[in-house]
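Here is how the chains run, residue by residue.
There are 2 protein chains.
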Amino acid sequence: MLRITSFSELTQHLQKISARKRLVVVNPSDSHTFGAILQAVDAGLVSAQLLGDPDDFDMQLINTHEQLQLIECKDVYEASERAVEMVKNGDGDILMKGLVNTDVLLKAILNKEKGIVPYGQVVTFIAAMEIPSYNKLIFMSDPAVIPAPNLRQRTAMIDYAIAMTRNFGITHPKIALLHGTEKMNPKLNFMDDYKQIMDEVKQGKFGDAIIDGPLDIFLALNPAFGAVKNVESPIHGDADVVIFPGFEAANVFYKTVITFANARVGGILFGTDKPVVMTSRSDSADSKFNSIALACLGFD
Amino acid sequence: MLRITSFSELTQHLQKISARKRLVVVNPSDSHTFGAILQAVDAGLVSAQLLGDPDDFDMQLINTHEQLQLIECKDVYEASERAVEMVKNGDGDILMKGLVNTDVLLKAILNKEKGIVPYGQVVTFIAAMEIPSYNKLIFMSDPAVIPAPNLRQRTAMIDYAIAMTRNFGITHPKIALLHGTEKMNPKLNFMDDYKQIMDEVKQGKFGDAIIDGPLDIFLALNPAFGAVKNVESPIHGDADVVIFPGFEAANVFYKTVITFANARVGGILFGTDKPVVMTSRSDSADSKFNSIALACLGFD
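From first to last, the protein sequence lines stand for chains F and E.
First residue of the first sequence? That's 8 in the numbering used here, and the numbers climb one at a time after it.
First residue of the second sequence? That's 8 in the numbering used here, and the numbers climb one at a time after it.
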């Protein structure tokens, strides 16, 4: 049975499936993005159409590479709109951000007529993290897109995470709703959401997922420290997914495990018609490659 | 010149000073707290008065140990009140929490007449963290006490952190105001505070401290990743102090570096008349010992 617990297993799995996806990239003129694309092309995961100014690229390399093609665009606005159009029309499977402001690409993605977000759909970012001292991948949301999620957005994050973990062969994902302690605190806005979600968990709304919260980082991800607390939880410091109260805490987690725990990361947008690799300037080439791999696995 | 960059250097420094402080502890009947106290006593840092029920302790050990004394109390309420009273009266230098609910001890500490918090004083928690891959201690606030700090509380955190780092020989502490990005976002409550603080920084209000924000974890603590971002900041990924937007993000940082980065930690309350070691159940004996050491260094 399929069970993917690391990024290298993910790449191996995709190579075994051997279905090259068509990647459409807005201005990958920085070395990290271009390097990640080359790596994904050479690993057999994707072919790539690059939208940008030929002057910004090594055209000799691109022209001699069967799986690479450059589509000339005069600026990042045109490149963003065209890339979204290509993915929307079925001329591409995955949209990827290169050297372009997030706002510019997001505007094209979210455009009511020409964009790729169904009306009313929640768009959020799910990251996967491989931390050497943890026994499997950790999925998390949302360190990037939604500053202060509401109930509908939190529920969408959980639904998306369940879909994503299913593709990794996790049939009963353990999902922790994060907070500084395991105690409900009615003074905090997001506690109402947690309470509502836990009520729905009891009603079986989330199927085979094992959801509990609020839990702190120890109870969610640290079996040794969590045990000291003597809190009854089905998570047992062994979560597959952590849903954070908001952007600030999620962003701190994401960047802290990269900085201090040698984490390998990747992430994609959910809620769009097709997977979107929405990287940031400070992402390494490795993290951009991992994000492409996550997008290749896709979502259902 | 004095410069303390790790917990072991802190202990060595305190042993060199050789001024045993009088520790007053509310119900240290759990093994982590008791172990940490014994270690601090044996290292020559403190003598300890333990307030609790004799039945919960190894009285033979206590009776034969010159620097240990048990004061019988019928419950944690009495122990909390008495411990605060002793410290207030000058019969103790440091107050420490053992196996007692935080609320119970805090109530005694904050009591208007009998407590040890001057009227109107901000009480907050400052932690010190030793992360193997970072070249010095990181001080942070506030992972424990204030859920959503206001401007006055944030300013107090900075003032306290400056006082604390001075005791570690840091004359120009680099202090980062944390956020998910380096961009001001007027939609977020705490941004007004950051803006105000940065205005005061320009006016020289914080003396020799080097303060910048908003900055993300990379720009604050990760020189390699921070450099990619091309952001001008005097912090250069080399912060001594990180001030978090709120409790959730701070708590995630604190518990994540313990879980995934082998961090050694310690922390004390600031704003009280005397240092208070306010540990939690899941703190290790090492972290409780470090907290005692921090309290011995004290604050001015």
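Calculated from the structure, these hints are not laboratory results.
Treat each hint with caution, since some may be false.
Because identical chains share one entry, a pair is satisfied inside a single copy or across any pair of copies.
The list that follows gives simulated cross-link-like pairs (lysine-lysine, DSS-like), each with its CA atoms no further than 25 Å apart [to be verified]:
| id | residue 1 | residue 2 |
| --- | --- | --- |
| 1 | Lys95 | Lys23 |
| 2 | Lys281 | Lys23 |
| 3 | Lys194 | Lys114 |
Structure-based check of each hint:
For the homomeric pair Lys95 and Lys23, neither the shortest alpha-carbon distance inside one copy (27 Å) nor that between copies (70 Å) is at most 25 Å. For the identical chains of this complex, Lys281 and Lys23 are intra-copy neighbours only, at 22 Å inside a copy versus 64 Å across copies, given an alpha-carbon limit of 25 Å. When the C-alpha separation of Lys194 and Lys114 is checked against a cutoff of 25 Å, the pair qualifies only between copies, where the shortest distance is 19 Å, while the shortest distance within a copy is 35 Å.
Checked against the numbered hints given earlier, this structure breaks only hint 1.
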